[in-house]
Structure formats: structure tokens, C-alpha cells
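When you get a sec, could you build the whole thing from the sequences and use the hints?
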Amino acid sequence: MSVVLSEIPVVTAATGLSPVLPGGHLPWLTGLRQAALAAFQQQGLPHRRTEAFKYSFAALGVVGKLDFVPALIAGDATLEALPAALPAFDGHKVVLLNGSYAPHLSDRAALPAGVEVQPLASLLARQPERLEGLLGSLVQYDEQPFAALASGLVDDGVVVLLEAGTVIDRPLHIVSITLTPGDAPVMAQPRLLIKAGAGSTATILESHVALGETETLSLPVAEILVEPNARLTHVKVRNDTARALHVASRTVKVLAGGIYQAFALSLGGAVARDDIAVELAGEQAEAHLNGAYAARDYQHMDTTIHMDHAVPNGRSSQVYKGVLADHGRGVFQGKVTVRKGAQHTDGQQLHKALLLSESAEVDVKPELKIYADDVTCSHGAACGELDDEALFYLRARGLDEATARDLLIEGFLDDVVEQVENDAIRTVLAGLVRAWLDARQEVA
Amino acid sequence: MALIEIQNLHASVDGKEILKGVDLVIEPGTVHALMGPNGTGKSTLSNIISGRPGYQVTEGRILLNGEDIADMEPDQRANAGIFLAFQYPVEIPGVASSTFLKAAINAKRRFQGLGEIDAMEFLKLVKGKAKELGIRDDMLKRPVNVGFSGGEKKRADILQMALLQPQFAILDETDSGLDIDALRVVSEGVNSLRTADRSFLVITHYQRLLSYIVPDVVHVFAGGKIVRSGGPELAEELEAKGYADYVSAA
Ligand SMILES: Nc1ncnc2c1ncn2[C@@H]1O[C@H](COP(=O)(O)OP(=O)(O)OP(=O)(O)O)[C@@H](O)[C@H]1O
Ligand SMILES: [Mg+2]
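Chains as they are written, first to last, in the working numbering: chain A, 1 to 444; chain B, 1 to 250.
Any given hint might turn out to be false.
Reference listing, derived: stretches of chain A covered by chain B, where coverage requires no fewer than 3 residues with Cβ under 8 Å from a Cβ of chain B [claimed, not checked]:
{"hint": "1", "stretch": "380-392"}
{"hint": "2", "stretch": "399-406"}
Okay, the calculated beta carbon distance ranges per label pair [as the list claims (entries may be wrong)]:
{"hint": "3", "chain 1": "B", "residue 1": "R208", "chain 2": "A", "residue 2": "A84", "range": "51 to 61 Å"}
{"hint": "4", "chain 1": "B", "residue 1": "G150", "chain 2": "A", "residue 2": "P83", "range": "43 to 53 Å"}
{"hint": "5", "chain 1": "A", "residue 1": "E421", "chain 2": "B", "residue 2": "L125", "range": "27 to 37 Å"}
Below 25 Å or equal to it, Euclidean Cα-Cα: the simulated SDA-like pairs (lysine to any residue) are [said to hold, decoys possible]:
{"hint": "6", "chain 1": "B", "residue 1": "K141", "chain 2": "A", "residue 2": "Q419"}
{"hint": "7", "chain 1": "B", "residue 1": "K141", "chain 2": "A", "residue 2": "K365"}
{"hint": "8", "chain 1": "B", "residue 1": "K20", "chain 2": "B", "residue 2": "L63"}
No lab work stands behind these hints: they were computed from the structure. A virtual CB, placed ideally from N, CA and C, is assigned to each residue, including glycine.
Structure (C-alpha cells):
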């Protein structure tokens with residue numbers, strides 16, 4: 001059986017699959033899958049009129065042209081050891097291979113008390129009642145066909161439950177590897193569910209790596225609940241091989257006094273999209289989304305954010321920086337909504353792009369929807385080339401042109417990487433940026 | 001042989017002639033001061049010597065140790081021993097000062113056929129020189145010049161000079177923005193680098209700097225060229241009388 005997205009019998013096929021998926025006997029889960037598939041069927045893949053995919057539907061058109069096969073059908077991929085493309089990182093580790101838990105690559109032995117990190121499938125098998133009302137409670141399908149499709153096929157992933165007041169000592173590293181096992185391009189939907197209990201503190205590093213020479217389609221869906229006064233730091237790194245497609249959807253809800261601090265580094269792959277919707281649902285809640293991306297060749301990288309201030313006294317910020325080389329294309333859509341009555345909201349947004357070639361392109365669409373009158377909101381966008389003055393300054397100190405340019409590009413991205421507080425993670429990120437530059441030098 | 005010899009240099013920006021026949025010979029081991037009204041081309045001259053793009057040299061040439069440097073890139077000139085302390089040092093967000101200093105030192109070492117500097121040796125060297133110039137350790141961790149005060153930027157440039165040990169250094173208004181103590185510290189830094197084979201071109205508007213860094217020759221620069229040269233006493237005369245004579249003459 002092969003599931004061909006272009007023809008959309010994926011829905012029928014997936015409905016047929018439903019009983020054999022983990023938790024297929026659970027009515028609530030079957031209902032959730034069917035509703036998601038119905039939403040997908042109704043929308044279809046993004047097209048010209050899908051506003052949220054205005055700049056990216058064309059790049060994602062390839063999804064409809066290739067016969068991606070859900071990992072469950074494509075067969076098991078095998079991997080003996082963690083790939084070199086993955087950031088070497090010392091921490092608690094849980095690894096997903098094509099969306100399914102890979103115990104032999106994971107290390108959950110030293111997790112402190114109060115922290116539960118469970119493979120989704122096994123929790124569905126053992127204690128499904130703990131997921132009812134939680135799984136699928138935040139994800140949105142409106143103009144999110146990929147989130148709908150992934151939810152229709154939801155089978156495995158990682159569930160992180162932090163008890164109230166828990167503090168994780170070392171970061172938790174969640175790894176998602178996508179790898180086509182046979183000839184047919186694989187599609188995986190790694191699911192992530194995080195509930196940071198009241199007053200808990202944790203740092204999570206989420207790494208995505210696609211391997212191999214064949215196309216892969218990864219559709220991560222994350223639902224994150226930050227309970228009152230919890231503090232969650234969430235760093236996502238994507239470092240894919242050339243033919244990878246990655247469309248991630250994340251929905252975050254932050255309750256009173258909670259802080260959600262996110263960073264994203266996006267590198268490699270063919271097309272990547274990060275869709276992040278945050279609702280500041282309690283007063284004094286904060287969300288800070290920062291990120292850096294670098295696109296070369298014909299790579300396309302899209303970050304689409306919706307920051308929703310639902311109640312008063314929330315604070316949010318977004319700072320993203322992108323480097324576009326060759327025919328690279330960047331898209332940044334940042335929407336900030338301040339709902340009626342959400343007074344004293346502070347919402348900031350900034351996107352900066354560095355264009356390294358005439359053929360590179362960036363599309364930025366900031367959007368402020370403000371229905372309260374006493375707020376401080378701003379957005380800014382800058383787009384430019386390398387600064388000639390800075391370039392001359394470095395060269396006047398003996399750095400040759402290529403070295404000077406690289407140092408400036410690195411500085412441009414490091415400037416936002418610096419925002420990551422955890423030293424070990426920041427070092428990993430800076431190392432990936434450096435490796436990206438070195439790889440470019442080799443090609444040049 | 002002269003260390004630097006500038007012969008009948010004419011240069012323009014966007015078709016506008018700024019340098020109109022500069023002649024200047026700087027012997028090894030000497031300090032030359034260049035003084036003159038605003039906007040007459042002093043920084044332009046410094047930039048052209050350093051190889052900054054954007055200027056068209058229409059006539060004349062610049063020799064370093066007898067060799068025409070016209071075809072040399074800015075970094076080749078730097079590695080050959082030319083250093084420019086900028087009138088306005090540039091801020092470079094995201095690039096740590098220490099990373100930058102190390103890259104500069106290693107560029108020079110590579111040029112000299114040496115390997116990269118050892119990390120410990122580098123730290124010791126930089127910290128030592130920084131201390132002499134009154135530069136705090138935390139400034140080295142910050143991005144290049146970002147958030148530095150005007151005077152701190154100037155000191156940072158002099159630190160670079162002290163580390164790179166150029167043969168010929170141009171100080172373009174390094175004194176402006178320095179407080180009285182910093183002026184002394186920086187001057188001492190420069191004086192300690194004065195050797196028999198190293199030379200300086202010191203651009204300044206104030207005689208005060210020249211009482212610390214005593215020049216061998218003082219030049220008056222006006223209307224895109226050197227209009228008069230003399231000894232240190234010329235600076236005092238300018239301080240007293242201003243440039244009126246030269247501006248009208250130019
Ligand atoms: N890139 C440029 N484009 C256009 N005009 C320029 C450029 N650079 C310099 N100029 C002009 O050339 C002239 C000389 O400038 P320069 O900076 O060399 O003066 P200066 O003698 O160093 O002055 P100051 O004492 O104020 O530092 C000025 O009129 C200036 O406006
Ligand atoms: Mg000047």
C-alpha cells in the first residue's frame with residue numbers, strides 16, 4: 001500500500017491505517033485522527049490562496065509531486081549510531097527515528113525525579129488516559145494542512161511531563177532523525193508534547209536531522225503547555241541534507257507568569273518551514289522567540305509566527321536573523337495579535353536579513369493586530385548586504401576578503417545565537433554556524 | 001631608503017578631486033604630524049594609503065620600502081606593515097573582540113610563515129597589552145567596538161596596533177575623544193613603539209597630542225595637499241594663528 005499525497009487518497013488510506021496505529025482502539029484518539037484528516041482533506045495541500053503559505057506554497061509544491069510514504073508503511077530504517085550531522089551534546093537523550101522511538105540510541109537513565117520523558121506510543125499503550133484531553137488539545141488546523149495531516153497519522157513521538165516545581169539539571173536532548181529506508185521517499189510525523197508543570201524549569205534541545213540522498217518529509221507537530229510560573233527554554237536545531245523537506249507546526253500556551261524562551265537554528269535541507277503559534281493566556285506571561293537561519297543553493301526557509309496576547313500584562317519578543325546566499329530564499333511572517341482588553345502588552349519583533357547574492361531573496365511580512373489601546377508594540381525589518389565599512393576595518397587588520405566576509409556573516413548570526421543562555425547549547429549552535437561557513441568555503 | 005614615499009598623489013571620489021598632488025617622504029624611525037582644516041582630505045589620504053576601495057587614484061603613486069603598493073589589497077598592505085588607526089573605528093556586532101584580535105594576529109603570522117598563535121600565549125599577550133593601555137578584560141569579551149565609548153574605541157585601535165607591531169602606522173585623530181589620562185596612556189603606548197625602523201603619521205587637530213608624541217616633522221595639509229612643512233614649532237604656530245593663511249592660499 002502506498003500513500004500518494006498528490007491524489008489525497010492519503011485520507012482513505014490513513015483512515016484504514018487508524019486501527020493499526022498505536023492507540024487505535026481508543027475512541028478519543030480515533031476521533032482526533034479522523035477530525036484531523038478531515039481538516040486536511042478539506043484544505044488540501046497549500047495552494048495559491050492559502051494565505052499563511054503565500055510565499056511558500058510553490059516551494060512546497062514538490063510535496064504533492066512525490067509519493068511520500070508514511071514511515072509505518074515504508075518499513076524500518078536502521079541506524080547503528082547517532083549521525084555526525086547531529087550536534088554532539090551531553091545531556092539526557094531521547095531519539096526518534098522516522099518519528100518512532102529508538103531505544104538503542106536514547107539515554108533516559110539519569111532523569112531526575114519529577115521528570116517524565118515517555119515515548120508517545122508506549123504511553124498510549126500503557127496509560128492512554130493520561131493523554132486524553134492533552135494530546136491534540138493545542139494543535140490548530142486552520143491554514144495548517146501539514147499539522148492536520150501529521151495529526152491524522154499521529155503514531156509516536158516524545159511526551160515530556162514536568163511535575164510542578166521540578167528543575168531539570170542538564171538539558172534534555174530530543175532528537176528526530178529522518179531517513180528513507182528503501183526507495184520510496186519517507187514521511188514522518190514526530191510528535192512532541194511538553195507539559196511544564198507550575199513553577200518548573202527546564203531546557204530542551206530539539207534536534208532534527210535528515211540523512212541520505214533521497215527526499216524525506218518530516219512533519220513535526222509540537223504542543224507545549226507552560227503552566228503558571230514555569231520557565232521553559234526550548235532550542236530547536238535543524239540541520240538537514242539537501243533533499244529534505246521539513247514542515248513543523250508548534251503551538252504553545254503560556255499561563256500566568258510562565259516564560260517560554262525559544263530559539264531556532266535552521267540549516268540545510270531543500271524546504272523548511274517553522275510554524276509557531278504562541279498564546280500568552282495568563283497575565284505576566286512571557287514568550288521570546290529568537291532564531292537564525294542560513295540558506296544557500298536553492299534552499300527555502302520559512303518562519304511563520306503568531307504571537308497572541310490574550311490577556312493583559314504579557315511580554316513577547318521575536319528576533320530572527322537570516323543569511324541568504326546563492327539562490328537562497330527566506331520568508332518571515334510575524335503576526336502579533338493583542339486582543340481586546342490585553343492592556344499593557346509589550347510585543348516586539350525584529351527580522352534582519354543579510355543578502356549575499358543578487359539572486360537571493362527574502363520576503364518579510366510583519367502584521368500587528370492590536371485591539372487594545374494601552375500597549376507597546378513594534379516591529380522592524382532590515383535587509384542588507386555586508387557592511388563595507390566593517391569589511392574594510394577587518395581587511396585593514398590583515399584579514400583576507402573571504403576570511404573577513406565569513407567573520408562578518410558569523411558575527412551577524414552569532415549576534416542572535418548569543419541570546420541562548422545555556423553555554424553548552426550556545427557552543428553547539430555557534431559550531432554549526434561555523435561549520436556552515438566552512439562548508440561554503442569549500443564549495444567556493 | 002624612505003619607508004613611505006608619496007609622489008604627486010591625486011585622487012577623487014565619484015569624480016570629485018580630493019587629493020591634489022600630495023608629496024610626502026617618511027624616513028624610517030620618524031614621526032610626522034599632519035594638521036589641517038576639516039574636510040581637506042587627511043582621512044582620504046589615510047584611507048588611500050591603507051587601500052580602502054572607493055577612491056580613484058588618478059595620478060601619482062605610493063611607495064612602501066621603494067615598492068609601488070597600487071596593486072596591493074588592503075589586507076596585503078596591512079600584512080606588509082601598514083596600519084591605520086581609524087578616525088571612526090567601526091562597530092562589529094556579533095564578532096567578539098578577542099576573536100577578531102586573534103584572527104588579525106594569525107593573519108599576520110601566516111603572512112610571516114608562522115603557525116597560529118597558541119591560545120595561552122595569545123591570552124597572555126593580549127591581557128598584558130590591554131592592561132598597559134587601560135583596557136578592561138570585559139571589553140575584550142564584548143563584540144568589536146560595540147557599546148564602547150568614543151575613547152574606548154580609540155584605545156582598542158591602539159591595542160590592535162600594539163599587537164600587530166606595524167612598520168608604518170597612521171593615527172587618524174586618535175586623540176579626539178580621549179580624556180586627559182587616556183591621552184597620556186595612549187601616547188605612552190605609541191612612544192614605546194617608536195623604534196629606529198618604525199614610523200608614524202599622526203593626524204591631529206591639537207597641539208596637545210604633539211607635546212606627548214613629539215614629531216620630527218609637522219605638515220600643514222590644506223586644499224588636498226601638503227602646503228607647508230616644518231619642525232615641531234610649526235604646530236605651536238598653528239595653534240596660535242589657525243589656518244587662515246593656508247585656507248586662503250589653497
Ligand atoms: N566617500 C565619499 N564620498 C563623497 N565625498 C567624500 C567621501 N569621502 C570623503 N569625501 C569628501 O572629501 C573631503 C575630504 O574628506 P576627509 O574625510 O578626507 O577630510 P579630513 O581632512 O579628514 O577632515 P576632518 O579633519 O574633518 O577629519 C570632504 O569634503 C568629504 O566630504
Ligand atoms: Mg578626517
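Structure-based check of each hint:
1. 380-392: holds (count 5)
2. 399-406: holds (count 5)
3. B:R208 / A:A84: 51 to 61 Å: holds (60 Å)
4. B:G150 / A:P83: 43 to 53 Å: At roughly 50 Å between Cβ atoms, A:P83 and B:G150 fall inside 43 to 53 Å, so the hint holds.
5. A:E421 / B:L125: 27 to 37 Å: Because 31 Å falls inside the window, the suggested range holds.
6. B:K141 / A:Q419: Answer holds: B:K141 to A:Q419 is near 15 Å, not above 25 Å.
7. B:K141 / A:K365: With a Cα-Cα distance of about 35 Å, the restraint between B:K141 and A:K365 is violated, given a limit of 25 Å.
8. B:K20 / B:L63: holds (18 Å)
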